[in-house]
Each structure stands twice: as C-alpha cells, then as structure tokens.
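Trainee: Assemble the complex: chain A is given as a structure, and chains B, C, D, E and F must be docked to it using the hints.
6 protein chains.
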Amino acid sequence: MKNIVVRNIKRTDAGLVKRLGALGVATVHEAYGRSGLMKPYLRPVWQGGEAAGTAVTVLAHPGDNWMIHVAVEQCQPGDILVVGCSADNTDGMFGDLLATSLMARGVKGLVIDVGVRDAKSLREMGFPVWSKAISAKGTVKATPGSVNVPVVCGGINVKPGDAVIADDDGVVVVSPKDAAEVVTRGEKRHADEEGKRKQLAAGVLGLDMYNMREPLKKAGLVYVDEAPED
Amino acid sequence: MKNIVVRNIKRTDAGLVKRLGALGVATVHEAYGRSGLMKPYLRPVWQGGEAAGTAVTVLAHPGDNWMIHVAVEQCQPGDILVVGCSADNTDGMFGDLLATSLMARGVKGLVIDVGVRDAKSLREMGFPVWSKAISAKGTVKATPGSVNVPVVCGGINVKPGDAVIADDDGVVVVSPKDAAEVVTRGEKRHADEEGKRKQLAAGVLGLDMYNMREPLKKAGLVYVDEAPED
Amino acid sequence: MKNIVVRNIKRTDAGLVKRLGALGVATVHEAYGRSGLMKPYLRPVWQGGEAAGTAVTVLAHPGDNWMIHVAVEQCQPGDILVVGCSADNTDGMFGDLLATSLMARGVKGLVIDVGVRDAKSLREMGFPVWSKAISAKGTVKATPGSVNVPVVCGGINVKPGDAVIADDDGVVVVSPKDAAEVVTRGEKRHADEEGKRKQLAAGVLGLDMYNMREPLKKAGLVYVDEAPED
Amino acid sequence: MKNIVVRNIKRTDAGLVKRLGALGVATVHEAYGRSGLMKPYLRPVWQGGEAAGTAVTVLAHPGDNWMIHVAVEQCQPGDILVVGCSADNTDGMFGDLLATSLMARGVKGLVIDVGVRDAKSLREMGFPVWSKAISAKGTVKATPGSVNVPVVCGGINVKPGDAVIADDDGVVVVSPKDAAEVVTRGEKRHADEEGKRKQLAAGVLGLDMYNMREPLKKAGLVYVDEAPED
Amino acid sequence: MKNIVVRNIKRTDAGLVKRLGALGVATVHEAYGRSGLMKPYLRPVWQGGEAAGTAVTVLAHPGDNWMIHVAVEQCQPGDILVVGCSADNTDGMFGDLLATSLMARGVKGLVIDVGVRDAKSLREMGFPVWSKAISAKGTVKATPGSVNVPVVCGGINVKPGDAVIADDDGVVVVSPKDAAEVVTRGEKRHADEEGKRKQLAAGVLGLDMYNMREPLKKAGLVYVDEAPED
Amino acid sequence: MKNIVVRNIKRTDAGLVKRLGALGVATVHEAYGRSGLMKPYLRPVWQGGEAAGTAVTVLAHPGDNWMIHVAVEQCQPGDILVVGCSADNTDGMFGDLLATSLMARGVKGLVIDVGVRDAKSLREMGFPVWSKAISAKGTVKATPGSVNVPVVCGGINVKPGDAVIADDDGVVVVSPKDAAEVVTRGEKRHADEEGKRKQLAAGVLGLDMYNMREPLKKAGLVYVDEAPED
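Chains as they are written, first to last, in this note's numbering: chain A, 1 to 230; chain B, 1 to 230; chain C, 1 to 230; chain D, 1 to 230; chain E, 1 to 230; chain F, 1 to 230.
Rather than coming from a laboratory, the hints here were simulated on the basis of the structure. Predicted, not measured: the structure shown is a model, and the values here were computed from it. Keep in mind that a hint or two might mislead.
If chains are identical, the list can't say which one is meant, so a pair holds when it fits in one copy or spans any two.
Claimed, not checked - When the alpha-carbon atoms are kept at most 20 angstroms apart in a straight line, the in silico PhoX-like pairs for lysine-lysine are as follows:
| no. | residue 1 | residue 2 |
| --- | --- | --- |
| 1 | Lys18 | Lys159 |
| 2 | Lys188 | Lys177 |
| 3 | Lys198 | Lys217 |
| 4 | Lys10 | Lys177 |
| 5 | Lys2 | Lys18 |
| 6 | Lys198 | Lys18 |
| 7 | Lys120 | Lys196 |
| 8 | Lys10 | Lys217 |
| 9 | Lys141 | Lys217 |
| 10 | Lys196 | Lys218 |
| 11 | Lys198 | Lys120 |
| 12 | Lys196 | Lys10 |
| 13 | Lys217 | Lys39 |
| 14 | Lys10 | Lys198 |
| 15 | Lys141 | Lys18 |
| 16 | Lys120 | Lys2 |
| 17 | Lys159 | Lys120 |
| 18 | Lys39 | Lys188 |
| 19 | Lys177 | Lys2 |
| 20 | Lys18 | Lys177 |
| 21 | Lys218 | Lys2 |
| 22 | Lys196 | Lys141 |
| 23 | Lys188 | Lys198 |
| 24 | Lys18 | Lys188 |
| 25 | Lys141 | Lys218 |
So that you can see chain A by itself, here it is in the shape it has in the complex:
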C-alpha cells in the first residue's frame, strides 16, 4: 500500500528481446501458447511503428502523470515504458516532451493504458506509442503512484523487466523465464510459415496442407451441391 520506486529490476536478456522483436507480435503470442497479449483497444498512435524492449512499469492515477516523470530516471537503453492506471481514463498523460526525455535515455517505446497527446510530433519524432486514446486533455502532478511494481496494462499483468513486443497487431508481454523457449518456438514457427506461404501462393489449399478434410468430416461437416430449401 506504499508508493515505491524500485531501482533494481531483472531485465529479460537483451539478445532474446531482440529475437522476439524480429518475430513480431502475432508469432510471439502464438509461440507463447496464445498468451500474454494485451487487449486490442491498445492501438499504435502511428502506423508501422515497432518496438521490442524490457518493461519499466508505472502505476499512475487517472489524469495525473507525475509518476511518468519519476519513471524516466529508472529507464535504461533498451527499455519500454509500460503505464497502468488505477481507473479507466483517456486523458493525454504523455506528450512530446516526455518522449524527448525517453529518447534521450535510449527508450524504445511506450505502452500506456490511458491517452497521449502531441500525436503528430510523436509520429515525426519516430517514437512509437501504443495507447488507449489520443487526447490533448491536460493532467496534474498531485498523487504519487509507484514505479517498477507489477501493473495491469491492457488486461495483462506486466512485471518490471518483462519483454514487451509491440507492432501494428498490438502488444505482447513475455516473462523472462519463458523468453528463451518462446524464441525457440517462435523461430521454428516463423521458418515453417515461409514454406506454407509459398505453397499457399502456389494454390495449394490449407484444407490439404493442414490435413483438415478428415477431422472436418468427423466433426460433422457436410458438403451439399445446392442450398437447402428455406
């Protein structure tokens, strides 16, 4: 119940994070047993941005971005700032000044469960942000929260140091202890997909490539030539 800033956190191995980033959100999520994915209301502020890093987490209060300022100091190159909020809110709790500060520290991006402002500048700066809303709504600096404690963001419980991968498909979070296995599975999946893509492009049907005809028949699917009478 105290408001704390935790200085030392155990970050996911940087090499693994890089390889997760190369796989992209959809593949990592699948390789992770279809888990870790934030809810789809978190959308990129500008299209095409991609980020992979280790989570520095912030627990903030609605309409109050004080703790984001506190968190900047705890960021290292390769981090991604992840901001949860104690109540639903769309205020613009982050803008281009904070982005400038984070870029100066080598931070890779921001995932924030409220709104952000300065959308045009963020796009021009090339600083990737995933947020719940875009809003110019101003904030106060009045209530302390915490930095580097577990926070719920986009429906996922994020722990400091977790690997965070984000692109146009959303945001996925991987625990450090699972990162190596997810990389292995994901890279295998990725390699398999290349072969599949070629077959499908050549006109092979997924029905045949995945051997679905028999299980579909067993599940009771019936082919008919004409639509039944209504």
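Mentor: Then chains B, C, D, E and F, alone, in the frame of chain A:
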C-alpha cells in the same frame, strides 16, 4: 442446424458488380434506397483500399477460424469473403497466410465481423480487409460452422452471391435481383453529382440548387438578425 | 423552442484565431486552464489536418442534414462549421458536395458530432474534418433545426463565433472574451517548452528541471533498491 | 427496395411455441445447436418478464416509429413484435400507448433493436419488452419501412412467423421448420438437467458426473501441489 | 477561466417545476419540441425514483469531488444537484454522506455525469440519483472547479436555475423562460393521451385514430398478401 | 506456459475476510489506499447481493467453461470463485448447475470477467454473481486453462487466496499480507463515518466539518454574488 458447405451458388453478374464498384459505397447505398449498408464499426485495415465482388459467406464461431480455411476452396476469382460470427468477438481470425491463399484464387477482399492480424503485411500485400478490430489474438480450429449459408455481418443479412462493395466509407451489400436497378440509379445519381459539384464549387448555394428555401419556410424555419435574449 | 437562423454573430478576432491555431490544440487547452477540450471520440478523418477558425454552429437532428445546407450560407471565410446533434447518431451527414460548397466559401474545416462520408474525397480535397464516425449512411432533409445558436458538440457548449482549433490531438474551443489571454499564456508556454525540450534532449531529467524531488518525498514516495517480498 | 406490408405469414405452430417458452432461452439456444441467440445488449426493460410467441417483424428507420403503428394491425394473439432498425439508434421508439394497443390484440411482448420509453408504465402494465436502451427521446413519423419482411435484430436475421423466446437471459429465435426438433431436444435436455442438478446439489463433482478427468489429462492439464516459482 | 461559486441564481418557478414533474420526462421532452433530453447513458441508480427541481450546477474534475462539497451550501429546498465533469470519468464521486447532507437541505435528487457509490444506501435512503456508472472508486479533493456556472451534463448544457425532471425514462432540462409554455403544452398532451389510451385499449388502431392510412399510401407503402419471391 | 491446477493455496484469514465483508466494498477500497477495485463494468446479476471470501482463481478461454468445472473441486467453504478470460468475451460461461455445485461446497459467490446465464435462477437461489454480461450464449469444453494461478479480472491481478469483497458498489480485492491493516483502517473509517453522518444529517456542512474553506480559498476559489457577464 447442420453444418454445411454449399458448393454451387448464384453469383451476381460480374459486369454489374464492376459497375457497382465504380460507383463506390456511398452512391450504391443511396441508389439502393439507403439500404444494405453494414454498421460503421467495420473499418478498413488500411486506408484507401477498395473492393467489389460476390459474396462467399462463412458462419464461424468466436476464436475459431476453421471454417475460413474451408471457405477458401469455395472461392472463385471475383469473390469477396464475408465472415459472420455466432457471438461478439475481436480475435484475430485472419492473417497473411489466409490472405495469400485468397489472393492465389483471385479473391478481391475480406469483410469479417471479428478481428484480423498481420495488419502490416495485409497492407503491404495490397489485400483489402474490412474488420471489427485488429488483434494478434490466436484462434483454434475446433468447431465446425457453415459456408455459403446466409450470415449476419455488420448488421446486414448477407446471402451467398450477393454483390459486396467496400471502400473507406464502409461496406454495402446488394441482392443480385436488385443489382441492375441499383446500377442504373447509381450511375444517374453519379452523373447528376458531377454537375452539382461544379455549381457548388462556383459558389452556388445548395439552398438554391436544391430549391430548399420554400420547404424550409413551410417547416417553420425563421431567420433573425440577432441572437434572441437568453 | 423555435427553429431559427441567426444571421449576425460576433466572431473572435481573426488575428487571435490565427495565433491560437499556431499554438495547436494541446497548448491552447493548457493555456485555457485545461478547459474547452472536446471529448476524444471526435477524431480527424485524415491524419495531419489542422484548422483554426470561428464557429458557425448547427443544431441538427439524427439522420437529417437539412440544417447543414442552411448553415453554408451563413459561413464566411475563416469560419469552421460546428455541428451538434439532438441524439447520438453516426450517420454520414456530410460528404464531398457539402465540402465543395464550404471550400468555395473559404471555410477552414468541419467539426461534427455524427458521422461523415466520402472520406477518401475529403482527404484528397484537403478539407479537414473531425467527426464521431465514418459512415456512408444516407440522410433525409425533413426536420428543421437551428443555425448559430449554442450547441453541445463533443461534450462542449459551443457558441457562434467561438474560436475553434483542431489538429491530430482533438478539438478545443475558446470563448472570444478569453482569446487574448489564452494567446498570451499559450505563447509564453510555447516559448518555455522550447527551452525545456532542449534540456530534456540533452539528458536533463524532468525530476530535476521541474524540481519534483522534494514534493515527491513529501507526498510519501519511497525509493527502494529491490522489490519487496510479495 | 419497395416498402411493403405482408399480410399473410406462416406462423410457427402455437403448441410448439408454448413448449419452447416453457424451456426458456438458455435451453432452447443449446437445443438449437447453440444458434439463434440475439446479442446480449438486448436487455429486459423489467426483470422477470418472459415471453414466447411468433414474430411479426418491422423494419424501421432511426428515430421514426411510423412502421410500428402499421405493424400493430398485422398482429394476432400470440405474436411478438420484433423491430429492426436501418441504423444504430437508441431513441424511445415505443411507449405505453403502443403497448396498450398491442396488449389489446393479444400480443405477448416486444423485442426492439432501439430504445423504448415509459419504462415504469410498461413494468406496471406487465408488458414484457427487450430493448437496446431506455430513452424518452421522441420520434417522428416520416419515412416508410416494411412489415413482415426479414429483419436483422440483435444480430439475428428474423423472419416473419419465427418462434421468439425471451426471458432474463436474452432472446432466442427459432425457425418454424426446426421448432419440433428443438422442442424434442430441449425437453430431453431439460429432463437430464434435473437429474444432474440433484447430483450436484448432493456434492457430486461435475468432473466426475461428466467424465472430464480423462479428457483433461489428455489435453495436458497437470495438477501440482504448490504454485511454481515465479 | 476563474473558478467561481455564484451565490444568487434565478430559479424556475416552483409551481411550474411541480407541474413539470407531474408530467414526467417523456411528456415534458415532447412538449418541449423534443429537446432538453440528456443522453440515455444517464440511468437511475434505483428503479422507480422520480425527482423534479431547480438546478444547482457543479463543474468538477475527474476523480475529484471537492466542488460537490462546495455546492451543498448553495442548495435550497427544491433544488436538484447537477454535476458535469471536465473529462469522461466513472469514479464514485458521490455517496451516502453527501446524500445525507443534501437531504438535510431539502434537495430533491442528483444528476451526475460520472459514477456514484453506496448504491444500496442511496436506495434505502430513498434519495434518487441518475448517474453514468456505479463505482466504489474513491476520489481526491485537490482541484477547484465552479458552482452555478453553465455545465454540460449528459450532452445538455444546463444553466443554474433550470428545471430538471428525472424518472425511469431519463432526465430532461427546461429553461425557466420556456417552463410555462412547456407546462401548458404538456398538460394538454397528457389529457389527450388519456383519451387515446382508452381507444387503443378498446381495440381502435393507431392507424385509424391518427389518420395514418392516407399519408402512408402517399409515402409509397404497399400492402401485399404474400411475401415476394426472394 | 503449462496448464496447471494448484491444489494448495494460502487463504486470507477467515476472520479478517469476515470483517472486511462487514465493511463493504467502498470502505475497504478507501482503507486500502484507494486500490484493489475492479472496473465498474463488473455488475451484480441481482441487486442487493453481498459476498466476502477467499479467491480460487480460474484462467479460462473465451466461450469455454471447462476450467470452471475443474475449479469447483478446488473450492472450500468460504471461497469465492474468480474467473479471468484470455480475451474479451460475453458468453454465458456459468449457470445454475455450476451454482448448485458451488453452493454444495459452501462457496460464497462468483466474480467472472465474461457473461453468465440463468439469471433468474441465480437470483432465486440467492447465489451472488458479479459479471460482465448476462447472456444465454452456450460454451464448449475444449481448451484447458489453469486453476489457482494469478489472473487478471476486471483490471485487477487476483492471486489465489486473496480476500474478495463484493456488493452493489462493485468488487475489491485485498492481498493477505495487507488484510489486517486494511481491516484496522477500515473499521476506524467506518466508526468515523457514523459521527459524520449524524452531523451532516443535523445540517452541519461538509465545508465546515472537513475544514475546507481555507484550502479552497488558497486554491483560488472565489465567491461572487451574481453570474459574470457572458
């Protein structure tokens, strides 16, 4: 109550579909007596995409894309795949592999009442998709549904073979029996609009061009020079 | 309770409007004591558009755009059309013909609490629009409303002649009597931000630049080296 | 594309409708292969109401209840009025006067994809209504629609004469051609549930009663005594 | 831009407010030319509550209920407290202690564009509340707002002293200058409805009572005996 | 990434849970430093229900209630079942049979981040449920999840054994290590409130009772007799 795949469907005439596509969604919807328009929560995954084709329909279940694989085989060049779902869902039930397969068969686009993934790849491939959400959320292949039965998608009951027109303004569906009349009306409307556009650009007021002043007066509209006292 | 069109309205000084526009929505909203901001569901139809002007207001009814036609005649160069609606609605009550007409009169943009259509054309014409939805849904011309009366749009009560500033961050409305003071405060704020941006880019922490360390300590924030036992 | 009123419709057998009503929405939906269920945003205006009847359908336009007046004449004892709308809308398109009229004709209830008003009176009259919203918002009588054509309501395509069952769990629609089979399956299911309920109340586990332990094991579920290290 | 409390406001005549309350929300809204109705997301915390009074207005900030405490002192018997908020918020900014205080001053009810808590106590106390949400979320007392200035609540601009009528159908607001006319129209409408109700209960059709058959025919509505071929 | 059932969990002390329950959600949330509160979209299925217990947690998948059956066996008297879901979903994953089973084991209630069915029966059985939706939508038993692992429900990370308190105001979760302190603070707060309630009922103003006048003045609040000119 059975799960079926209907092999033979009666498609709207390809020439009419092409002409409907040239008119665009807004004009077709107006020419159709302001009907057939899907709800506006169906949005293009990438801006500027346009598609016109004949519906191959899928009834799928939430989080299960098995039937989409089944439907691919039933698609012909010029079709648009239309996917309804038996419950509200935003999972990413379609991605770049399925898009590759559809493109290989000459399919023009996808309209889907759930989420899709691989947004960036879909954009780069130029495969146009209208969906309810973008989400990397993975799916299973466990429960059969049906292909080429009537499905509700975006609030519209779509029948196999219906003409489907989609652009940045949304998605509109036209029954084969009405297509010729809608084309005729739409092309007339389109021609009329060109003349109107020129007049309006030259400063003619819609009030005068549409002869609205008299009906407005009859409806009780009053012009005053100054705001009334509060 | 009568439906009226008010011909003469007192517009915010054009020089002030221009300077407000140069400041942008986020700065104007802050300089205005964090007030005047419309709700963030009002989004630009195309990214990067910006507009600053004086409000000509419309009170319309759902699915009926008759009053927008009436309002065009009341617009002067430098105006922004602001449309409120008597009930929640997403129909496409504005399209490229009306945009053509407004551009012919020198209108700077549109803010509308319902839907719009012809999204692609609006983008190509460069006419900036902020709306609640994009929808091809057609409308009727049946029920009179009013022009140049106070209307609620995006949760803000807008009066005819108010300054309206809009960009990718949203829409903010300033009363004529406050415009000069907001300009002064905003330009000062803007100047200050330039200096701050340079410091932050150079690695200075907001914690130090804003002297936050002492107040944070007083508010009870505690720094710890390691995460506490769970 | 014409606006029509169809006088003669083929109603589901009244005896079957009664038996479907006795089963309730959840059992009917399950017995129907988990289909036919309207979306859960349709909620009862007052708790505890139940209705079973045959659909008289209305296609109305937003904010316009003219067609509901037209539909009253087509209703017979045992019918349920089902109202679809051509665009999303929450206006109060139905109130106590229309309910009085429907009750005078022996109509069992109303399912409406917009709003209703006079909520207190509807409750006091005991007329059951399932709607999208409660709203006093007044409507016009200006645009014709159709009566007894297929309409989409709550995401389901409803045909005139379909059986409609509604209670606190929602609304389910059954096609006349399937009604007998659904009744048979549903009554069997209902009988089975009574036995299951007794066993569960006596402390038997569903895991054992449904023989789930083996399939769970095969699906990879593992029991551990203590939580794994984080 | 200053935060002010206005002590003296001009309240709508108490006799008129009482008569508006007797008419109920739906009738008042109709008699007011279908205007003044708040959006339907404002719902009663407990069913069956009714209130009619004069508005004391509050402009509050999200998650901060300081100004509500300030407003209590400005309330007189017969008032209704109306709370607008500068950003979307669902926090529980009002509970049973504030209700106790308002009841002690003879206040008739609360209309609040955020959340409230202590729902059970409010029901037991019989203090009627219309809110956007029920939430226990606690608030701070940190940022001043204003009392008795115009505020937007539920999409309506409410001025201090306006008549506010609320029941299960929602909330409607009437300007003092229009109250007498609305009462007159509403009471006439109410009297008319009694006669109509009797006719409808006796089986007379609205189609005949309202003479709709001819205008429907003119509008193009066609009666057919059987459904057209699909 | 494995699917597990954890048999032994450390439950919050039963005496503390009981005392937390007596305080109610709003007081516990305040005493917990305004934390632990689930989002307000989780609403009671029937009004007036209250529950206090220790969490047995379930991680389920959308439309699949298999794990709830598994979880029943892990429940003890005094527990509350808390169900999180890996994606947004409103299907009716819980009904009266499962409730019968839980009641047979002495479970106090259910908090579930999806839909439930059999609303009327749950009310009649007196089994309290807080859910995201009421829906008859049927589910499958196909995909394993986990029991007694941390799950996110209503935006809160819930751990097995946490104290869960729920009433008409929502649901709050307290960690075992904080429970004693929250009880102490909450009971003090509760006692204080009784005194305050009496003063407020007697007409004392919160402004005076809380000594707000001076801080309000410092914050810049100004009292004026009349509304300023617009």
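Trainee: When no copy is named, should Lys217 and Lys39 be tagged within, between, both, or neither for a Cα gap of at most 20 angstroms?
Mentor: Neither: 34 angstroms inside a chain and 30 angstroms across chains, both beyond 20 angstroms.
Trainee: Check Lys141 against Lys218 for me: Cα-Cα at most 20 angstroms, and say if that holds within a copy, between copies, both or neither.
Mentor: Classified as between; 13 angstroms across copies, 62 angstroms inside a copy.
Trainee: One pair to classify: Lys2 and Lys18, alpha carbons no more than 20 angstroms apart. Within, between, both, or neither?
Mentor: neither (34 angstroms within a copy, 24 angstroms between copies)
Trainee: Have a look at Lys18 and Lys159 and pick one of within, between, both or neither, based on CA distance no larger than 20 angstroms.
Mentor: This pair counts as within: shortest intra-copy Cα distance 18 angstroms, inter-copy 31 angstroms.
Trainee: Classify it for me, Lys198 with Lys217: is the Cα-Cα distance of at most 20 angstroms met within a copy, between copies, both or neither?
Mentor: Answer is neither: 27 angstroms inside a copy and 37 angstroms across each miss the 20 angstroms cutoff.
Trainee: Is the C-alpha distance from Lys218 to Lys2 at most 20 angstroms within one copy, between copies, in both cases, or in neither?
Mentor: between (57 angstroms within a copy, 13 angstroms between copies)
Trainee: Under a CA distance limit of 20 angstroms, which applies to Lys188 and Lys198: within one copy, between copies, both, or neither?
Mentor: within (16 angstroms within a copy, 45 angstroms between copies)
Trainee: Since the copies are identical, ignore which copy is meant and state whether Lys198 and Lys120 lie within 20 angstroms (CA to CA) inside a copy, between copies, both or neither.
Mentor: between (39 angstroms within a copy, 19 angstroms between copies)
Trainee: With identical chains treated as interchangeable, where does the CA-CA distance between Lys10 and Lys198 reach 20 angstroms or less: within a copy, between copies, both, or neither?
Mentor: Classified as neither; 41 angstroms inside a copy, 32 angstroms across copies.
Trainee: Checking Lys18 and Lys188: alpha-carbon separation at most 20 angstroms within a copy, between copies, both or neither?
Mentor: Intra 16 angstroms, inter 43 angstroms, cutoff 20 angstroms: intra-copy only.
Trainee: Please sort Lys39 with Lys188 into within, between, both or neither, judging by C-alpha distance up to 20 angstroms.
Mentor: Close neither inside one copy (26 angstroms) nor across copies (39 angstroms); limit 20 angstroms.
Trainee: My question is about Lys196 and Lys141: at a cut-off of 20 angstroms on alpha-carbon distance, are they close within one copy, between copies, both, or neither?
Mentor: between (52 angstroms within a copy, 17 angstroms between copies)
The structure fails to meet hints 3, 5, 6, 8, 10, 12, 13, 14, 15, 16, 17, 18 from the earlier list, while all remaining hints are met.
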